[in-house]
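J.: What follows is the residue order along each chain.
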Amino acid sequence: MTAPPERRKRSPLRRPAGPPGKLRRRIGTTARLLAALIVVGGLYTAFSPGMQATADDEVVLSPAAAEGKQLFETSCISCHGRNAQGVPDRGPSLIGVGSAAVEFQVGTGRMPLTSQGAQAERKTPQFTLDQARQIGAYIQALGDGPELPLPGEDLGKGGDVAHGGELFRVNCSSCHAFGAGGGALSSGKSAPTLEESTDREIYAAMLTGPSSMPVFGDNQLTPDEKRDIIAYIQNLQTDPDPGGWGLGRVGPVPEGLAIFLIGMVAIVFTTLWIAGKS
Amino acid sequence: MTTVHTHDADAGGGASGVENFDVNDASLNRFDLVREGARRDGVEIVHYAPRFPAPGTKAEKRVERSIALLLTLSGLLGFGFVAAYIWWPFHYEAGANPSKLYTPLLGLGLGGSLFLLGAAIILWAKKLLPDEIAVQDRHDGASPRDEQALTGATMLNLVDETGIRRRPLLKAAFLLPAGALGLAAVAPLVGALIKNPNSPEPILLNTGWNPKNNNGNKVRLTREDGTPIRPEDVSVGGQMTVFPGIPHGATNVWADSPVLLIQLREADAQRLRGSIALAMANDPESRPVEGMWGNFVAYSKICTHAGCPASLYEQQTNRLLCPCHQSQFLITDQAKPIFGPATRRLPMLPLELEDGLFVAKSDFLEAIGPAYWERP
Amino acid sequence: MTPAKTNRRRRLDLAKVPEATAQGIDERFQVATPLRRVFNKVFPDHWSFMLGEIALYSFITLLLTGTFLALFFDPSMAETTYDGSYAPLRGIEMSKAYETSLNISFDVRGGLIMRQMHHWAALLFMAAIVIHMFRIFFTGAFRKPRELNWIIGLSLFWLGLTEGFAGYSLPDDALSGTGLRIADAIVLSIPLVGSWVATSLFGGEFPATEILPRLYILHVFLVPGIILALIVVHIGLVVKQKHTQWPGPGRTNHNVVGIRMFPGFAAKGGGFFMIVFGVIALLGGLLQINPIWLFGPYKTAVVSAGSQPDWYVMFLDGSTRLMPAWDIHIPLGDGYTIPAIFWPTLVLPGLLTVLPMLYPFIEARLRRDKQAHHLLQRPRDVPARTALGAMAIGFYLVLVLSGANDVIAEAFDISLNATTWAGRIGILLVPPIAYYLTYRICLGLQQHDREVLVHGVETGIIRRLPDGRFMEVHQPLAPADAHGHGALDYAGAPVPKKMNRLGAIAPAVRGFFFPIEKPATPALPPAATPVSPAVPPQQLEDAGTQQH
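Residue numbers (my numbering), protein chains in the order written: chain A, 10 to 287; chain B, 114 to 489; chain C, 25 to 572.
It should be emphasised that the hints constitute simulated quantities derived from the structure, not laboratory data. Quick caveat, the model's predicted, so the values are computed rather than measured. It cannot be assumed that every hint is accurate.
Derived lysine-lysine pairs resembling DSSO-like cross-links, with alpha carbons at most 27 Å apart [claimed, not checked]: (1) B:K240 - A:K286; (2) C:K168 - A:K286; (3) B:K308 - B:K325.
Now the stretches of chain C that chain A is said to cover, found in silico as 3 or more residues with beta-carbon under 8 Å [unchecked claim]: (4) 62-72; (5) 109-122; (6) 146-154; (7) 291-300; (8) 313-327; (9) 432-446.
In silico negatives: residues of chain C with every beta carbon more than 12 Å from chain B [claimed, not checked]: (10) M101; (11) L136; (12) I176; (13) D196; (14) E229; (15) F230; (16) L252; (17) A253; (18) R404; (19) G468; (20) H479; (21) R488.
Think of the CB as a built atom: it goes at the ideal place given N, C-alpha and C, for glycine as much as any other residue.
All chains, full assembly: derive it from the sequences and hints.
T.: Right under this line is the structure:
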């Protein structure tokens, strides 16, 4: 049950280093509390099945979930309704979506939605990761759903990069592209780049299938396989290109641009110099 | 420039230069010989002047120094390339480390060296070689009439000499080996390459899901590593690329067999069932397949347009997008193409459960992949 | 050419060695005259005449780097397990072709830069061919007697495209395989014989195990051999027919004005080769191209978003993307199909090969022009042709952009479906608009040229006439008549439009980024600057003679 200090090293451009000590401790506390909550919640569900659905108000909320409830009621309730039961034409019910979905949607800034579009886009989060997890705890308490494994931020540690790469190419690259830079989908939708995605976000996305993305449940891709995939994506994110500047790893399109805008332009300028008056 | 015009007067003169030019005349300098040689080649050097009329000026020295500097830098970079080539670590190593600089260093060394050498040579040519304008005659147009007539006669005589016109027997007989050897030249190429797509069996119609590839047993759906698939392995709104459970089923040997197994949401599955039922009743021409198992459906992953794997499954809209040419198929309407260049539905693989594991009820009921002339 | 007279024994005189060698060679081969001819050959000097050279030098670079790569590459499609130094692929099943490509990239000393230089050189080769072709077209250099060379040039484009596609396919990475899969679909679409041709080419059902070795022999032997032969003929014809030149003082249809092959032209050419080679090496070292290790080995179920061919094939990919879903069904017997993909991938390239090849003859027929032409035309002077070329470029660009429409949609956040529709509409609208605009621009430029020839160059000097009107003083280019109009005819050469072009005022400061030398002083002191008003003209009768 440790805090997340062991985030793998990234280039400083990508994202500021881990949260400061105080915050870290707080996350640690939250994590511990969450874990406790799961144990308690699990026991509770085991002993009293069917209780939750009928008596929302009787759900025993952990302190984190209670905090989350507060946040939910200030920012999410307008679309997702009281007790996250959904509002027709505005937002779906969140009962049973699980904490992983909440952490992904809120943690990447996709929720709260600012405008209706083809799909929710990543933007600067309105809530801290802590708060996102608190809301997640609340939603989880309302109805069981996919959860992220706790604890830790580095979910790819010890993964088999080669195997992960194989799985990535079969399952992920068709939409997110071989360089994990994302790609277009039909009618304005798109698969986002994974360049700035954290391990937990990737894990949560596989688990919950946000937006257009299919669900990759634990039966299809075991937690070990998910770890391998994350290890491969980490490798993509951190391994510098061996052949010089990678041109965004997008493939032949920027290469074609480069040969004209850099190669041809440089050479044609030389021809002007060669044939110019001396 | 002014002298150019004067030259035109004797431009038509051809290869001869000044009359009675004596090569051994001691009073001629070397350039006089050069000029005379050029004249004999139909080239008049009409302007020829040193770049720096007074040798050793500051300007000239400056040019010399620039060229020398470029050459020196070029040489140093060239040596740098060789040194890096030999001593810099070149094997791939994960992470940020010197090996990642190997290729950029080689590029800088070699490219820089070549570029500067080129620049030095051009600078030399532009700044130090004498400024010249030369005019060469262009002997365009056809050869003289006489020449044409002589050559034409020679060629026609060739035919006469063989007497082929007078000897129809030989003419006819000659066609025989000519034709035979012509065919013989083509035969090895065509004969060795040609391969009948329908013999011994129509390979374009047979995929790995055909039970005859599995000793007559129905073929299981498996993952890439060969493990069979249970319904609970695919989440609702999830998709999985599956392969026939036969030897090499997941390799390129069975390139026509990859299939996308999808578990639809209840409402979407209803829609698809409705679409199939409707087609069964009203439009059997479209060859609908009753191949769903529960809310599961499996479609060939090979795009009916150009054969790429159509595998960008959008679970909310139930569209399947092919990344090569952007054809879009609507899963809930039997994978009907709704956008892009594809014209046909993706073939459905009929599903069944055996011992709790997915199997293919039969092979695809139509040819998968791109269309062709005689495709049934 | 006189044989050596002396036969007496003498000691080795080092200073005489070159002469003696030359003598010996000439006695055997009689090269003195033809050799001097080569040395004295005159080439015109213009930057646009060097575009074809870029393609030639890229091709030489391709031969050099390609030979290196061939030493380490194995086109076999046999399965093997990777065990090289690139950890993220270790233990993965792949073909020998892909494995050896990875080894070249990671375990052969200098292999990666060779691969990257080879690929960049290929892109540059094709880019130079296309740009060179534009230059030939827009200046009318394809006219008689150069029709054959135009046809050879077009053939070189298609051969280069074939060669490039084969090379793109060889590493057997996921992108190569995807390209081959599409090639298979294209071959399958040929009416009547498609399935036979496809199985015969691939040696079975796609992908089988034959295609890479076959493409390899095409890529390293057959196609480059043909390209090399055609390049030799192409350049041989340029030498034989002599290069075209721009109109200008002293330049006629019957001469070539320029510099001799040696030393000036050869030095510039050699230096330019080093520059092109250097740019390719810099690109190869500093810009990563075709990172096959990220694509992974080709598996039929694997694909990546944004799968594209190299840029020179992209226009065909674009035409395929734009093609509406129109299969043609022939209801005979069991029913036959002409797939939609047949039109944009086989019929379109066929048209794009044949029509341009016939263009020189069509244009000559339409203009009833049987003359030989060695003087180039300025694009503005042939508005119909220039507009037609702009139309073709517009058509081509829409196709290229459509070939990248998914990347454009992703990069600029546009709907993918909208980009496809934009392409479908654009392919119909852009060419006629390009034609119209180019035609008008050409006419406008022509008119301005005539105007300057008649009225003279604008001097920027405003004078107030005695009656109070203001007028700008024009500098006539030739002695002007009583109305102040010049008597020069347009000669197909650029018309000077600025005073410094006439040498009347100081030339513009030289240097690209900063002045490299002090501006020269004006040819005439300011007081005597030959600026004269268009009216009255009598003061400076000889003003316009300066530039002649």
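J.: Look at each hint and say if it fits the structure.
T.: Results of checking the hints against the structure:
1. B:K240 - A:K286: It holds: about 10 Å lies between the C-alpha atoms, which stays within 27 Å.
2. C:K168 - A:K286: 31 Å, violated
3. B:K308 - B:K325: 22 Å, holds
4. 62-72: This one holds; 4 residues, not fewer than the three required, reach chain A with a Cβ under 8 Å.
5. 109-122: holds (count 6)
6. 146-154: holds (count 4)
7. 291-300: With 5 residues close enough to chain A, the hint holds.
8. 313-327: With 10 residues close enough to chain A, the hint holds.
9. 432-446: holds (count 8)
10. M101: The claim breaks: M101 of chain C does not keep its Cβ more than 12 Å from every Cβ of chain B (closest is about 8 Å).
11. L136: 5 Å, violated
12. I176: I176 of chain C is indeed farther than 12 Å from all Cβ atoms of chain B, at 19 Å.
13. D196: 10 Å, violated
14. E229: 4 Å, violated
15. F230: Since the minimum Cβ distance to chain B is about 6 Å, F230 of chain C lies within 12 Å and the statement is violated.
16. L252: The claim holds: L252 of chain C sits with its nearest Cβ about 22 Å from chain B, beyond 12 Å.
17. A253: 19 Å, holds
18. R404: Holds, since 25 Å exceeds 12 Å.
19. G468: G468 of chain C is indeed farther than 12 Å from all Cβ atoms of chain B, at 30 Å.
20. H479: 25 Å, holds
21. R488: 38 Å, holds
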